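Chains W and Z, in that order, give the protein sequences. As numbered in this note's numbering, residues 32 to 127 make up the first sequence, in order. As numbered in this note's numbering, residues 32 to 127 make up the second sequence, in order.
Since the hints were derived computationally from the structure, they do not count as laboratory data. If you're wondering where the values come from, they're calculated on a predicted model, not measured in any experiment. For each residue, glycine too, the CB sits at the ideal point set by N, CA and C. Keep in mind that the hints are not guaranteed to be accurate.
[Claimed, not checked] Quick list of in silico lysine to any residue cross-link-like pairs, SDA-like style, CA-CA up to 20 Å: (1) 62/Z / 40/Z; (2) 86/W / 62/Z; (3) 86/W / 40/Z; (4) 86/W / 68/Z; (5) 36/Z / 62/Z; (6) 62/Z / 36/W; (7) 62/W / 92/Z; (8) 36/W / 59/W; (9) 66/Z / 92/W.
[Unchecked claim] So these bits of chain W aren't anywhere near chain Z, every CB distance computed over 10 Å: (10) 33; (11) 42; (12) 47; (13) 48; (14) 55; (15) 56; (16) 66; (17) 84; (18) 92; (19) 114; (20) 115.
Protein chains: 2
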Amino acid sequence: MGVSKLDRSEAEQRLAKLDDWEFSRDGDAIKREFKFDDFVAAWGFMSRVAILAEKQDHHPEWSNVYNTVEIELTTHDADGLSERDFTLAGDIDALR
Amino acid sequence: MGVSKLDRSEAEQRLAKLDDWEFSRDGDAIKREFKFDDFVAAWGFMSRVAILAEKQDHHPEWSNVYNTVEIELTTHDADGLSERDFTLAGDIDALR
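If we strip away everything but chain W, and leave its shape as in the complex, we get (with noise of 0.2 Å):
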């Protein structure tokens, strides 16, 4: 199944449309980081965005430490970021 990389500009006004997600790996990616109340309050989130994950077969690259978790998206499919990262990660953000 093919999944076209986004040019630059794209990606940039779907960045814009995002709540504190910035590129990273030199634009390949996109990254955020979300802070808890506790571990159980983040491990939550993180319950919720494995769903989604699976869900969309779209699977983030994640860290978390106690109350924190940062998510990166990329689509190694394309070599960089696809439609894909993006919707999933509005819908992360609406999870919030």
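Using the hints provided, position chain Z relative to the given structure of chain W.
Leaving out everything else, chain Z in the frame of chain W:
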């Protein structure tokens, strides 16, 4: 609550009893990578680790990329490795 830092020889003895963990951060942490068939399997494992961690009130610094989970353990209150890290690591190994 005081948690004492293990000295290097104690830490080495404890490490030798674990499966496939190695020192990181100049011996102030231990880490291990776990591989699974897919994201759902990795996530199931992480969910079990999350519950262990919360019960032990000792939380990992960890990351996940699709079927891979990397876990790093250290004890901030001890500025290095404590008994808690090796207890949690042993319990994580026992999950597999």
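Consistency of the hints with the structure:
Between residue 62/Z and residue 40/Z the CA atoms are separated by roughly 18 Å; this keeps the pair inside 20 Å, and the hint holds. For the proposed pair residue 86/W and residue 62/Z, the alpha carbon gap of about 30 Å is over 20 Å, so the pair is violated. Between residue 86/W and residue 40/Z the alpha-carbon distance is near 47 Å, which puts this suggested pair outside the 20 Å criterion. Note on residue 86/W and residue 68/Z: the hinted pairing holds, with a Cα-Cα distance of about 17 Å set against a maximum of 20 Å.
Distance hint between residue 36/Z and residue 62/Z is fulfilled; the C-alpha atoms sit about 17 Å from each other, no more than 20 Å. The straight-line distance between the Cα atoms of residue 62/Z and residue 36/W is roughly 34 Å, outside the 20 Å bound, and the hint therefore fails. Annotation: proposed proximity of residue 62/W to residue 92/Z holds, straight-line Cα distance about 18 Å (limit 20 Å). The suggested pairing of residue 36/W with residue 59/W holds, with an alpha-carbon distance near 9 Å, which does not exceed 20 Å.
Restraint check for residue 66/Z and residue 92/W: the C-alpha separation of about 15 Å stays at or below 20 Å, so the hint holds. No Cβ of chain Z comes within 10 Å of the Cβ of residue 33/W; the nearest lies about 20 Å off, and the non-interface call holds. Listed as outside the interface, residue 42/W is consistent with that label: its C-beta sits roughly 21 Å from the nearest C-beta of chain Z, beyond the 10 Å cut-off. The claim that residue 47/W lies off the interface holds: its Cβ sits roughly 27 Å from the closest Cβ of chain Z, which is beyond the 10 Å cut-off.
No Cβ of chain Z approaches the Cβ of residue 48/W within 10 Å, the least distance being about 26 Å, so the stated non-interface status holds. Every beta carbon of chain Z lies more than 10 Å from that of residue 55/W, the smallest distance being close to 14 Å; the non-interface claim holds. The claim that residue 56/W is not at the interface with chain Z holds, since no C-beta of that chain comes within 10 Å of its own (minimum 13 Å). Once the 10 Å rule is applied to beta carbons, residue 66/W is consistent with being away from chain Z; the minimum gap is 15 Å.
Non-interface call for residue 84/W relative to chain Z: violated, since the shortest CB-CB distance, roughly 7 Å, does not exceed 10 Å. In this structure residue 92/W is not separated from chain Z by more than 10 Å, as the shortest Cβ-Cβ distance comes to only about 5 Å. No Cβ of chain Z comes within 10 Å of the Cβ of residue 114/W; the nearest lies about 19 Å off, and the non-interface call holds. Its beta-carbon lying about 14 Å from the closest one in chain Z, residue 115/W satisfies the requirement of being farther than 10 Å from that chain.
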